[in-house]
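Read top to bottom, the protein sequences are chains Z and Y.
With the first letter of the first sequence counted as 1, position 8 gets the number 8 in the working numbering; the numbers rise by one all the way through.
With the first letter of the second sequence counted as 1, position 15 gets the number 1015 in the working numbering; the numbers rise by one all the way through.
Just so you know, the hints here were simulated from the structure itself, not pulled from any lab data.
Treat the hints with caution; some may be incorrect.
Facing chain Y, from chain Z, some residues (calculated, C-beta under 8 Å) [unchecked claim]: (1) 18; (2) 27; (3) 32.
For each residue, glycine too, the CB sits at the ideal point set by N, CA and C.
Take a look at the letters that make up each chain.
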Amino acid sequence: MAQTVLHKANTRGVADHGWLKSYQSFSFAGYYNPERINFGALRVLNDDIVTGGMGFGEHPHDNMEIISIPLEGNLQHKDSMGNTATIKAGEIQVMSAGTGIYHSEYNADPENPAKFLQIWLFPNKRNVTPRYDQILLNGNDVKDEFVQILSPNEDDAGVWIYQDAWFNMAKFNAGINKTYTLNKEGNGVYIFVLKGEVEVNGEKLETRDGLGIWETASFEVKADTDAEFLLMEVPMKF
Amino acid sequence: MKKVEILVVGTNKPIMQTIARLVNENERWLAVIANNYAEACSLCDDRELGLVLIGAGLDEREEMELKRHVSATRPELPIVKHYGGGSGLLFAEIYQAIG
């Protein structure tokens, strides 16, 4: 029988640094909740709003898969591998930190805020050579389907990472009901609602709610309103 | 107040320094750096450590050997992995390990 864990939006950690407002689904920085460290290999899900022209100065990571999904605005990326790039809504950025990287992320717009999801996954391989990639997502206009944006496979849709994880973005019209079938036994899925209201396994989710579901091969997602959501399938044991 | 000594192990020196700085921001903790497997084993033997944080750079065999060494000599000493230090992620892992 499927197991679930519900994280209502208003129970997330909140950090307000003036230039950054961050809503944290799992323990991060000053937010520590021993009940919310990770969901399987998913360690960080931050819903960040960065003031115009401000951002994260250069800082290091190692042995972590770091995915950024801009929701509004632009982010200016620089890293120790020599990459300089701007990412915007409709794109996805991935870094495999491996043996260690330094990077900075700034809101490229001096006036308007940038909103983005910052997602970290534990890798299935340590000490890899650091890598960076960003792509424009296909299927941004697709409705009522799960659109894959990340996988473990270099030749598959979306970006790839060092983990047996699959991410799908979905934009459903009200009333649409679809079955999500997991790619790998032993994985679970964390559903994060970006807009609207959906039902998963009988649980009603509203905007920015998160639901983890595991010990199941598939489950149904029903949109109660027009809705957008992200499904993150990750190993529960890693 | 005696500080909890935390051994930070890894081969990327700038990252080690960042980790140490973040650890030392907590007045109850004191970071001790080991830049390789041999140093880590030596410091585990010589210091009254409260935690070992393993970062990038040790190969799988060295990680296993370090865990085996600690298990044999200081079985109560927790070992956890860390992931850079650009954020407070590190703190949750430390709290989980030593409370």
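Going through the hints against the structure:
1. 18: violated (17 Å)
2. 27: Interface hint status for residue 27/Z: holds (4 Å vs cutoff 8 Å).
3. 32: Because about 5 Å separates residue 32/Z from the closest Cβ in chain Y, which is inside the 8 Å limit, the hint holds.
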